[in-house]
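Now for the letters of each chain:
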Amino acid sequence: NAGVTQTPKFRVLKTGQSMTLLCAQDMNHEYMYWYRQDPGMGLRLIHYSVGEGTTAKGEVPDGYNVSRLKKQNFLLGLESAAPSQTSVYFCASSAGGLAGQETQYFGPGTRLLVL
Amino acid sequence: RKEVEQDPGPFNVPEGATVAFNCTYSNSASQSFFWYRQDCRKEPKLLMSVYSSGNEDGRFTAQLNRASQYISLLIRDSKLSDSATYLCVAPNDRGSYIPTFGRGTSLIVHP
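Sequences listed follow chains A and B, in order.
Every letter in the first sequence is one number past the one before it in our numbering, and letter 14, counting from 1, is -4.
Every letter in the second sequence is one number past the one before it in our numbering, and letter 7, counting from 1, is 39.
Looking at chain B on its own, in the form it has when it is part of the complex (with noise of 0.2 Å):
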C-alpha cells in the first residue's frame, strides 16, 4: 500500500458546485497534515493545514479522520480559478517522518 494515496481525478463540475477529495496515508501515527495546491507548470503552494479538529478556510475545509486514516478537502462554491492539482501530504512510515506527498488530484471547474 502506498503511503499517502488520492484519486488522480479529473474531477469535472461546473462552477458553484461543491467537491470533495480524499486522501488515505498509511502511518497511523501521522501528526500533520497538509493540502497545496499546484497549478499547471508551477510549484506547490500551501493551501491549508489540516488539524485534528478540522480547519475551515473560506471556501475551503479540511478534515481529518484518524479511525480511517484520510483526510478530506472540501470546496464550496467552486470558482473557475479553483482549478488545479491538489496534492495532499503526511509524513512517511519509514521512521523520519519526512513528508510524503501524494500524486495529486486533478480539479477542472467549468462555465
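Pulled out of the complex, with its shape left as it was, chain A reads as follows (with noise of 0.2 Å):
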C-alpha cells in the first residue's frame, strides 16, 4: 500500500499563475483533509471533506478551491496563485467515525514557492 501520496512534490508558480495538487489514498478512508504548514504557524486546515462528493471550508479556505469527485481523491486548486500561498502543503486522510477522532495519515508534502 502506498498510503498517502501527492503530486508534484515541489513546484514553483508566478503570481496569478494557476495550479492543482492531487492526493490519492489507497486505504478506503472516508475522510481527506489539506493543510499548509509555514514556519511558526503550524499546520492550519484549508477544506476537508468527510465522503466521496463532500467539500468543507477549513480555517484557511480563501484562494483555494477542492474538489472530492472520487473517494480517493482530493485535489486542491489555486485559481491564481500569490505570494502567501508559499507554504507546504500537507494532504491527509483519515477512516470513517467522527472527524477529529480518528488517526490521519499524511502525504509527503508538496513544496510550493510563488514568486
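A few of these clues could be false.
Below, a list of computed lysine-lysine pairs in the DSBU-like style, where the Cα atoms sit at most 35 Å apart [stated by the list, open to error]: (1) A/K39 / A/K52; (2) B/K77 / A/K53; (3) B/K74 / A/K(-4); (4) B/K74 / A/K53; (5) A/K(-9) / B/K111; (6) A/K(-9) / B/K77.
Here are some chain A residues the structure puts well away from chain B; computed CB gaps all over 10 Å [claimed, not checked]: (7) E34; (8) R50; (9) Q67.
Read the hints as simulated data drawn from the structure, not as lab findings.
Since the structure is predicted, the reported quantities are computational estimates derived from the model, not experimental observations.
Backbone N, C-alpha and C define an ideal beta-carbon position, used for all residues, glycine too.
Two independent chains are provided; combine them into the complex using the hints.
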C-alpha cells in the first residue's frame, strides 16, 4: 500500500498562475484534509471532506478550492496564486467515524513557491 | 485564547534525560487527543493517542488532565533519534470537531 501520495512534490509558480495539487489515498478512508504549514504557524486546515462528493471549509480556505469527485482523490486548486500561498501543503486522510477522533495519515507534502 | 497551545521550545536535553511537554486545549468537550511527531521537512506521523486513562508505549507516556484541560507527553531515556517536533492534536471548539493542531514543540537531544 502506498498510503497517501501527493503530486507534485515541488512547484514554482508565478503570481497569478493556477495549479492543482493532487492527493490520493489507497486506504479506503472517508475523510480527507488539506493543510498548509508555514514556519511558526503549525498546520492550518484549508479544506476537508467527509466523503465522496462533499467538501467543507477549514480555517484558512480563501484563495483555494477543492473537489472530491472520487473517494480516493482530493484535489486542491489555486486559481490565481499569490506569494502569500508559498507554503508546504500536506494532505491527510482518516477512516470513517466522527471527524477529529481518528488517526490521520499524511502524505509527504508539496512545497510550493510563488514568485 | 488559541484552541490548542504548545510551548514551541526548543527543549535541549542530553541523551538519557527525561523530558515532558504540555499542550493546553480550549474545547472542554474534546474526547480525542493525539501526539504526532514531525521530523524536519517530513510529514507528521502519529506517535500515540491519548486516552482518558493515559497511554504508555515504551519510553513514551501520554496523560490527559481534563480538569486543567491539558495533555502531556513524557519521554524517558531520551535518544538522539527523538529529536523532532512534537505536535498535539485536539478537536476544535467550533462545533465540527475537526482536528486542530498545535504549533508544535521542538525537541533537540544532544550527546
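Right, here's what the structure says about each hint:
no.: 1; hint: A/K39 / A/K52; result: holds (18 Å)
no.: 2; hint: B/K77 / A/K53; result: holds (22 Å)
no.: 3; hint: B/K74 / A/K(-4); result: holds (25 Å)
no.: 4; hint: B/K74 / A/K53; result: holds (25 Å)
no.: 5; hint: A/K(-9) / B/K111; result: holds (30 Å)
no.: 6; hint: A/K(-9) / B/K77; result: holds (18 Å)
no.: 7; hint: E34; result: holds (18 Å)
no.: 8; hint: R50; result: holds (15 Å)
no.: 9; hint: Q67; result: holds (19 Å)
The structure meets every hint from the earlier list without exception.
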